[in-house]
Amino acid sequence: MKLKVNNKTVYAYTGAKDLIPDQDTIVFIHGAGLDHTVWLLQSRYFAHHGWNVVALDLPGHGLSHGPALPDIETMADWVVQLLDGLGIEQAAVVGHSMGSLVALETGARHPQRVKRLALLGTSIPLAVSEPLLNAAKNNDHDAFDMITLWGHGHAARMGGHPVPGMWMIGNTVRLLEHAPPGVLFMDLSACNQYQSGLDSARQLRCPVLLVLARDDRMTPVAIAEELIHSIGNLHTVILDDCGHMMLAEQPDQVLDALNTFLLDGQA
Amino acid sequence: MAGPRYPRFDTLSLHAGQRPDPATGARAVPIFQTTSYVFKDTDQAAAIFNGERPGHVYSRISNPTNAVLEERITALEGGVGAIATASGQAAMHLAITTLMGAGSHIVSSRSLYGGSHNLLCYTLPRFGIETTFVDPRVPASFRDALRPNTRLIFAETLGNPGLDVLDIPAIAEIAHDAGVPLLIDSTFTTPYLCKPFEHGADLLFHSATKFLGGHGIAIGGLLVDSGRFDWPASDKFPTLTEPYAGFHNLVFAEEFGPAAFIARARKEGARDFGACMSPTTAFHILQGIETLPLRVQRHIDNTRKLVAHLSTHPAVDLVIYPELADHPDHELSKRLLPNGAGAVFSFNIKGGRTAGRKFIEGLQVFSHLANVGDAKSLVIHPASTTHHRMDAGALRDAGISEGMVRLSVGLEDPDDLMEDLDRGLHASQK
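Taken in sequence, the protein lines are chains V and C. Residue 27 in our numbering is what sits at position 27 of the first sequence, and the numbering runs on without skipping anything. Residue 268 in our numbering is what sits at position 268 of the second sequence, and the numbering runs on without skipping anything.
Read the hints as simulated data drawn from the structure, not as lab findings. Among the clues, some could well be false.
DEER-style ranges, computed between Cβ atoms [what the hints assert, rightly or not]:
| no. | chain 1 | residue 1 | chain 2 | residue 2 | range |
| --- | --- | --- | --- | --- | --- |
| 1 | V | Pro180 | C | Gly103 | 31 to 37 Å |
| 2 | C | Gly128 | V | Met1 | 30 to 36 Å |
| 3 | V | Pro180 | C | Pro328 | 38 to 44 Å |
| 4 | C | Asp391 | V | Lys17 | 53 to 59 Å |
| 5 | C | Gly103 | V | Asn134 | 48 to 54 Å |
| 6 | V | Pro180 | C | Asp415 | 43 to 49 Å |
| 7 | C | Glu419 | V | Asp140 | 50 to 56 Å |
| 8 | V | Gly50 | C | Gly103 | 57 to 63 Å |
| 9 | V | Met1 | C | Gln287 | 16 to 22 Å |
BS3-like, lysine-lysine: derived pairs with alpha carbons at most 30 Å apart [said to hold, decoys possible]:
| no. | chain 1 | residue 1 | chain 2 | residue 2 |
| --- | --- | --- | --- | --- |
| 10 | C | Lys267 | C | Lys305 |
| 11 | V | Lys17 | C | Lys334 |
| 12 | C | Lys376 | C | Lys430 |
| 13 | C | Lys40 | V | Lys2 |
| 14 | V | Lys115 | V | Lys8 |
| 15 | V | Lys8 | V | Lys137 |
| 16 | C | Lys376 | V | Lys17 |
| 17 | C | Lys334 | C | Lys376 |
| 18 | V | Lys4 | V | Lys115 |
Glycine is no exception: its CB is placed at the ideal position from the N, C-alpha and C atoms.
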């Protein structure tokens with residue numbers, strides 16, 4: 001669906017369904033330079049299993065008009081503005097990579113609006129390497145290639161997409177190419193500059209799910225240790241044979257982890 | 001670039017799309033010769049049917065062996081996804097019917113494989129899809145033929161049989177200016193010689209029967225999506241940008257993003273038209289692709305030797321091969337096909353149709369049949385076989401003379417091939 005937030009056109013995938021007022025809502029937030037289509041399987045599942053789904057495109061991404069937002073805190077406030085625009089009081093918020101930082105910050109800044117939080121492929125801090133940042137700044141294709149190569153686990157770089165006939169390497173590159181020039185750099189800079197994540201994590205009061213992957217070189221499991229110890233009500237799932245791009249690499253495992261966590265909240 | 005690099009072409013040819021079978025540890029791609037798949041429970045069944053979980057339902061729509069082949073060709077071409085089809089013709093038909101319906105129009109090169117020409121010229125008009133044929137050597141002719149209802153530009157990397165080299169970047173620019181995609185038949189070149197997506201093409205297909213398989217034992221096609229065409233940018237492609245009642249009002253461009261085209265081709269085209277590839281055929285094609293770089297290089301090496309040999313033969317009027325300096329597309333070939341201009345070429349024998357017949361019947365190593373891209377060398381007379389439905393004018397437009405012979409150069413010892421050609425040419429002049 002399309003709607004206006006701050007007088008800008010915004011797109012959110014809802015599973016081709018109308019949002020139902022008395023139904024629980026899940027907000028999905030994508031990573032740097034990407035869009036709502038990374039949640040293809042998971043968002044479609046929940047949309048057809050009794051949930052309102054809002055798989056948003058952040059400003060300047062996918063089908064949402066720009067400009068892109070400059071920092072994680074602004075993105076978090078924007079998510080709440082989107083909820084206001086949709087008339088949604090409270091939602092489970094699920095974020096991947098940069099989206100996990102936005103989700104975390106949304107939970108910390110607007111605790112009354114977030115029922116549950118799922119942080120996928122996350123680490124605090126989420127430092128971005130100098131070569132990647134420089135390539136993104138120059139709108140150099142190397143930035144897309146670095147994210148694609150580092151983002152996929154070792155096995156996934158040869159393929160084996162769970163969706164028949166799809167090449168996940170090609171799909172990731174194409175999604176990143178689709179982002180307007182400068183958007184990826186803004187996103188990566190926002191990740192790099194986000195320093196208050198651990199403080200925000202300590203403020204969380206809602207239940208939190210952390211999904212990490214053993215073959216993730218962008219947000220390694222080891223770096224998540226401090227985050228894990230900062231969150232009180234936390235459940236952690238670590239995926240085997242999976243890299244950072246877990247939504248495509250292990251869609252069923254991600255869905256099962258989310259489903260268990262979110263259904264628990266409905267019980 | 002710092003850090004890791006993508007696997008290279010030869011490695012992808014062997015590995016892309018496959019991990020050792022988790023159930024058995026099998027290193028080779030298993031042939032999943034099954035029509036259907038047992039679901040764990042009713043929820044999983046419903047989720048797979050509805051596109052909420054990945055998986056296979058029925059082998060007309062997808063199959064694990066075929067999926068490896070589809071990923072492998074996508075990796076080699078640099079796309080986002082592919083579908084294996086019953087033949088190259090089925091792949092072409094699937095591309096067209098995914099994009100358009102009655103009332104649509106195609107601009108196509110006139111230098112085509114005879115089967116493609118038949119589909120566009122004779123069959124599709126019966127279903128309300130018309131085609132205007134243009135000279136592939138004149139890029140502006142594609143622009144001039146555009147109509148408001150044009151939905152596709154189509155051509156071959158190397159025209160058949162005149163070996164017109166398509167100026168893919170120029171034609172792609174014309175297509176994109178008009179808001180329509182460029183579909184390429186890349187059968188003659190394979191990704192080893194040309195990757196059309198790198199030059200601006202949006203979609204491509206192969207007759208995998210030819211060089212990809214390389215063994216001449218299996219008919220198959222592959223349709224590949226680059227994922228680059230911006231479908232939502234126009235209102236010309238409602239199959240991709242409007243709700244599809246046949247799948248719960250799914251809007252493919254919104255839901256699948258870069259993979260919108262190939263997703264619709266599978267969810268509708270594979271489901272409803274049903275021109276699927278057998279898993280055993282997919283296995284055969286995969287065996288071919290594993291050695292694609294080695295084989296195509298040998299095809300090229302042999303072709304260059306035969307072209308050089310025939311170019312100075314007294315019984316030969318003309319050799320048509322883009323690497324020859326007198327070929328009209330010589331410079332374009334150097335730019336777009338630096339590793340070789342394919343292993344199919346034509347030549348005119350002195351003496352016309354009669355000499356051509358004597359030549360073919362005098363050969364002992366070359367096989368006289370209607371195919372190209374086999375490991376074995378092949379020969380045919382286009383005017384009386386592959387292009388026999390064309391009248392004299394259409395033959396002339398396609399650059400086919402009465403005495404033209406087409407060779408598909410195989411992997412035999414090149415000296416044996418040259419001796420065989422000498423044998424046939426000697427017979428042709430008696």
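To see whether the hints hold, each was checked on the structure:
1. V:Pro180 / C:Gly103: 31 to 37 Å: Given range 31 to 37 Å: holds, Cβ gap about 34 Å.
2. C:Gly128 / V:Met1: 30 to 36 Å: 34 Å, holds
3. V:Pro180 / C:Pro328: 38 to 44 Å: 41 Å, holds
4. C:Asp391 / V:Lys17: 53 to 59 Å: For Lys17 of chain V against Asp391 of chain C, whose Cβ atoms are near 56 Å apart, the range 53 to 59 Å holds.
5. C:Gly103 / V:Asn134: 48 to 54 Å: For Asn134 of chain V against Gly103 of chain C, whose Cβ atoms are near 50 Å apart, the range 48 to 54 Å holds.
6. V:Pro180 / C:Asp415: 43 to 49 Å: Because 58 Å falls outside the window, the suggested range is violated.
7. C:Glu419 / V:Asp140: 50 to 56 Å: 54 Å, holds
8. V:Gly50 / C:Gly103: 57 to 63 Å: Because 41 Å falls outside the window, the suggested range is violated.
9. V:Met1 / C:Gln287: 16 to 22 Å: Violated - the Cβ-Cβ distance for Met1 of chain V and Gln287 of chain C, about 48 Å, lies outside 16 to 22 Å.
10. C:Lys267 / C:Lys305: 46 Å, violated
11. V:Lys17 / C:Lys334: Violated, at about 53 Å.
12. C:Lys376 / C:Lys430: Holds, because 27 Å separates the two Cα atoms, which is no more than 30 Å.
13. C:Lys40 / V:Lys2: 37 Å, violated
14. V:Lys115 / V:Lys8: Distance of about 27 Å is within 30 Å: holds.
15. V:Lys8 / V:Lys137: Holds: Lys8 of chain V and Lys137 of chain V sit about 25 Å apart, inside 30 Å.
16. C:Lys376 / V:Lys17: Not OK: Lys376 of chain C and Lys17 of chain V at ~56 Å, beyond 30 Å, violated.
17. C:Lys334 / C:Lys376: 27 Å, holds
18. V:Lys4 / V:Lys115: 24 Å, holds
Going down the numbered hints, you'll see the structure goes against 6, 8, 9, 10, 11, 13 and 16, while the others check out.
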